[in-house]
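K.L.:
Following the hints, position chain Z against chain V.
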Amino acid sequence: MIVLERKELRPMLVAKYPREKTYLLPVLHFIQEEFDFIPEWALQIVSWHLKVPASEVYGAATSYSDIKFFVDDKQTVRICSGLSCWYMGGKSIYDQLSSVLGDEVSIQITDCAFTCSMAPLVEVEGQWFSRATGKSVLSQIAKRSD
Amino acid sequence: MIDPMLSSYEQMVFDAVARLENYRIGRTRVVVQVGQCSASVGASLLADELKSSLNVGDLDVVTTGCDGACFAAPQVIVNYQSGDASYFQNVNYEDLPEIRNSLVNSECRKPSISLERFFSLQHLSLMSGIGDIDPYSLDEYLSAGGYHGLLKALYMTPADVTLEVAQSGLLGRGGAYFPTSRKWETARNTDSPERFLVVNAEEGEPGLFKDRHILEGMPHRLLEGALIAAYASGCSKCYVYVNAEANLSSERLSEAIRLAQDTGLIGNHILGSDFNCTVELRIGAGGYVCGEETTLINTMEGVRREPRLKPPFPVESGLFQKPTVINNVETLANVPAILLNGAASFAQIGLPEATGTKLYSLSGSVCRPGLMELPMGATLRQIVVDVGGGNLPEKPAKLLAVGGPSSGVLPISEIDTRMKPGWLHESGVVMGGGGVIVLDEEVPVKEVVRSLAQYNASESCGKCTPCREGTPRVVEMLSQLEEDDDSTNTIQDLELLSDILAGASLCGLGQMAGNIVKSGLYFFRDELTGKNEKM
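Those sequence lines, one after another, are chains V and Z.
Numbers in the working numbering are just positions in the first sequence, counted from 1, shifted up by 1031.
Numbers in the working numbering are just positions in the second sequence, counted from 1, shifted up by 38.
Just chain V, same shape as in the assembly (with noise of 0.2 angstroms):
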């Protein structure tokens, strides 16, 4: 499936956005959307898209936080760091995760995400919750499993 997409990238790039530089970050959301992460290969076509070097592409990528490469199958669960968040229950519910979850589900800090006030916030799948407490993130895992 992703041999088709990888034909179908370039005219994409060609039709969607003009040959300048300053595309790149629309572009490399565009490409994340598309694919949930960015493939090695697709900074090439970038690089040829918009005729810059593709070491720069790779460096300027590379760059920002929000730019994957890679992506994790597992389930995942993210837990806001922010003081607010942290002080407010999230070190208890990551505390309360890690012991009673397995391998299966990956438990990750973030930085902050800027929902301070409904503090604690925790992400699982995409999805963000607040005012969060053990129980009501392993009820929502429990619900994304099925």
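Don't read these hints as lab results, they were simulated from the structure.
Be aware that a few hints might be false.
What the hints assert, rightly or not - Think about it this way: if two alpha-carbon atoms lie no more than 27 angstroms apart in a straight line, the pair counts; the simulated BS3-like pairs of lysine-lysine are:
1. 89(Z) to 1174(V)
2. 1122(V) to 1082(V)
3. 484(Z) to 556(Z)
4. 1082(V) to 360(Z)
Note that the coordinates shown come from a computational prediction; the quantities given were computed from them, not determined experimentally.
P.N.:
Quick look at chain Z alone, frame taken from chain V:
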């Protein structure tokens, strides 16, 4: 040339009001406040449910932004034809039948006492209408007097608009508090044929959520401000750079841009004048350092996320080496009201040296966390206790983290400090974007200081050596402090390193990274060195 402008605007407003009245006649308006924060407690699902399940007469279910009362989210407000209103707070699925019954009986419920108290002490101007006006509807914004400020500006010369804003004393709300009018003036006086306006909505400071509320609640207010700024500074192209996490903001803003384009408020010959301006939305890709203006420019040009050396300042040579004005969302959202009501009405609020109102984001261990608007120079006590309701029961507050990781920490004894530009305390506490996090006694201070220092270290872009090497070293030395029996030397080294960071770093991130250490050592030296545990 003047009359066609006025008549086209009047026609636009007249049509908008007529359309709205036509639609609203005989309908009860049900407002569901959906913002990024309330969506995380299920507000958007609630709105969908209300739209599909409420079959009580003719209803007009509207999703709006949040009014800042995050503690009460999700909120539902029912506006009856009679002018009465009914308020529901912290709504969840189980409350839906109750809302339904109250609609059938046309009941009126007062807002809770804490909600009334939250709003009664605020000075609403920037936030007025947010949570009430549909962000997806240009008609609603127009009928509330929207874009009138732009019309007024277009009758004036760019120099006069700049002068009006200069007289209002508006300072940039991004954290540096630089006079907005001076940026516009410098850019306009350059001889470049092309200039750019960049709206900085890359809000990435822990504890801060103000710009998002404006973008989600009233994107047209920002657009109007941006257009006035573009007119005053002679820019023909405006970019709005929105944080990658703020999906709802970019969605609502792009819809607002589309509507404004369709009605001729963006594009060529705006409102029939000679002023042309286009607006483009750009999405960020994470990183605290992107809020720094030269980094923002680099990001938009398509190169690495790193700051540039200043000078030249962006107003002289910024995006694509063209003069570029960079303003914060909150700054620009203030501009329409300044044009509409005059500079004097803005200047009379707040302090003489810092006028107007300011948005404060309050979170942590308080009764009423949320976004509030108070005059510049409000004390932390007003923010935390009067509006915020004070600490949670049985959790006495101990520490206030003001202004995010670029600023410092204050003990609760400093609660009468006024929030104003410049140092709040000489040990390195600044207002920053106006974020206040309240932490209670159970929270270990050394962990707080270390976690803020760690944030700076991990967000450092690595371009300049002092910041790249210095910020992780600060974290190491903070850990070292606890192990030392005699920490005098380490403290001296830490203070020296903080000063080096401040003096030698390229951009604000590094320059301000020492503040957290300095203020921590000033107020909580014993806890950082672990002394009071041994006692």
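K.L.:
Are the hints correct? Go through all of them and say.
P.N.:
Hint-by-hint comparison with the structure:
Proximity of residue 89(Z) to residue 1174(V) is assessed by CA-CA distance (about 25 angstroms); at most 27 angstroms being required, the pair is judged to hold. For the given pair, residue 1122(V) sits about 46 angstroms from residue 1082(V) by alpha-carbon distance, which is inconsistent with the 27 angstroms threshold. Straight-line distance between C-alpha atoms of residue 484(Z) and residue 556(Z) comes to about 13 angstroms, which keeps the hinted pair within the 27 angstroms bound. For the hint pairing residue 1082(V) with residue 360(Z), the CA-to-CA distance comes to about 22 angstroms; that is within 27 angstroms, so the pair holds.
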